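K.L.:
Here is how the chains run, residue by residue.
Protein chains: 2
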Amino acid sequence: MNSPCTVSLDFRPDFSHPSAPQCAGRSLIAAIAQDAASGEVLMLGWMDEEAWNATLSTGEAHYFSRSRAKLWHKGERSGNVQKVRAIRLDCDADAVVLEVEQVGGAACHEGYRSCFFRRAELAPCAETGICCPRVFDPATVYQQGK
Amino acid sequence: MNSPCTVSLDFRPDFSHPSAPQCAGRSLIAAIAQDAASGEVLMLGWMDEEAWNATLSTGEAHYFSRSRAKLWHKGERSGNVQKVRAIRLDCDADAVVLEVEQVGGAACHEGYRSCFFRRAELAPCAETGICCPRVFDPATVYQQGK
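First to last, the sequence lines map onto chains A and B.
Mapping to my numbering: the first sequence position 79 is 359, numbers consecutive.
Mapping to my numbering: the second sequence position 113 is 393, numbers consecutive.
FYI, nobody ran anything at the bench for these hints, they're computed from the structure.
Take these hints with a grain of salt, some might be off.
Said to hold, decoys possible - What follows is a list of derived Cβ distance ranges for each label pair:
#1 B:Tyr422 x A:Thr420: 52 to 58 Å
#2 B:Ile410 x A:Glu390: 34 to 40 Å
#3 A:Glu407 x B:Gly385: 24 to 30 Å
#4 B:Glu329 x A:Ala304: 24 to 30 Å
#5 A:His297 x B:Ile410: 19 to 25 Å
#6 A:Glu407 x B:Ala373: 17 to 23 Å
#7 A:Gly359 x B:Ala349: 40 to 46 Å
#8 A:Arg357 x B:Pro298: 20 to 26 Å
#9 B:Gly384 x A:Val287: 27 to 33 Å
To be verified - Non-contacting residues of chain A with respect to chain B, defined by C-beta distances greater than 10 Å in every case (computed):
#10 Asn333
#11 Leu351
#12 Gly355
#13 Glu356
#14 Gly385
#15 Val415
Said to hold, decoys possible - Each computed DSBU-like pair below joins lysine-lysine, with the alpha-carbon atoms no more than 35 Å apart:
#16 A:Lys350 x A:Lys363
#17 A:Lys350 x B:Lys350
#18 B:Lys350 x B:Lys363
#19 A:Lys363 x B:Lys363
Nothing here was measured: the structure is a model prediction, and the numbers come from that model.
The beta-carbon is built from N, C-alpha and C at its ideal position, and this holds for glycine as well.
I would like the entire structure built from these sequences, with the hints used as guidance.
P.N.:
Here it is in structure tokens:
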């Protein structure tokens, strides 16, 4: 009974949303990766239709890399893939939340658990700092692929 | 001793990021509003520099409305403003997380607590549904402003 899981056809981002950011001829939606267990927001990526389809078919987060203008299987170099447990779709269907298990414990290419590692308290008063641990040393991890 | 709180000058989005989405001549960054208490992702909005400055100076979330192409004080019609407790900035400074207290309990213009009210489970198998409560009836709330 290992039939592939498919989401219903109406659960789908609107890749022709009139305000969708464009890159290399693609319409993009925003994809927020959130730790499925802790709720921490890990990163914001972008998806074109190909990345959406690849995410659904593999169960691992795929994004569209704007800097490289191509499909990006998150973790393809570092091994830190994101296993997608659930997806949430917003009211006007131009953004999704991916509830993920972050393999390796770090989403950020700088080695931090979350890309949002800088934090400023506004209330009661402003205080800025690093708010999450650095899990790996990027100089070590990324030199392996060179 | 009620001097205004200001964040440090280097804690600031990059409004000239080369991949920043453009709208009406403005460079935008993505702004994720997250419930400061529960961690639930409430909505994704966009900020230009004016919206960023207005958020800091008032302590309430301001966005740039792409559909109206102007500054949008979230909650200005419904009363459901977002009190910003902290801000997190990502590694390449083109996205922020706003940790907010959502006044009225609903961020979505459709009355749901979160704009991400539709959810599909991927593992172990796909199941889609509404994942958060509808807090208000938009037909009632928004007719007050007409």
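K.L.:
Each hint should be assessed against the structure and marked as holding or not.
P.N.:
Each hint tested on the structure:
1. B:Tyr422 x A:Thr420: 52 to 58 Å: Holds, since tyrosine 422 (chain B) and threonine 420 (chain A) (Cβ atoms, about 54 Å apart) stay within the stated range.
2. B:Ile410 x A:Glu390: 34 to 40 Å: Since isoleucine 410 (chain B) and glutamate 390 (chain A) have Cβ atoms about 37 Å apart, the given range 34 to 40 Å holds.
3. A:Glu407 x B:Gly385: 24 to 30 Å: At 28 Å between Cβs, range holds.
4. B:Glu329 x A:Ala304: 24 to 30 Å: This hint holds: roughly 26 Å between Cβ atoms.
5. A:His297 x B:Ile410: 19 to 25 Å: This hint holds: roughly 21 Å between Cβ atoms.
6. A:Glu407 x B:Ala373: 17 to 23 Å: Roughly 19 Å apart at Cβ, these two residues keep to the hinted range, so it holds.
7. A:Gly359 x B:Ala349: 40 to 46 Å: holds, 43 Å
8. A:Arg357 x B:Pro298: 20 to 26 Å: holds, 22 Å
9. B:Gly384 x A:Val287: 27 to 33 Å: Given a distance of about 31 Å, which is inside 27 to 33 Å, the answer is holds.
10. Asn333: holds, 13 Å
11. Leu351: At about 16 Å from chain B, leucine 351 (chain A) clears the 10 Å cut-off, so the statement holds.
12. Gly355: At roughly 16 Å from the nearest Cβ of chain B, glycine 355 (chain A) sits farther out than 10 Å, so the non-interface label holds.
13. Glu356: holds, 18 Å
14. Gly385: holds, 16 Å
15. Val415: Holds: least Cβ distance 13 Å, greater than 10 Å.
16. A:Lys350 x A:Lys363: Holds: lysine 350 (chain A) and lysine 363 (chain A) sit about 20 Å apart, inside 35 Å.
17. A:Lys350 x B:Lys350: holds, 32 Å
18. B:Lys350 x B:Lys363: holds, 20 Å
19. A:Lys363 x B:Lys363: Holds, at about 33 Å.
In this structure, every one of the numbered hints holds.
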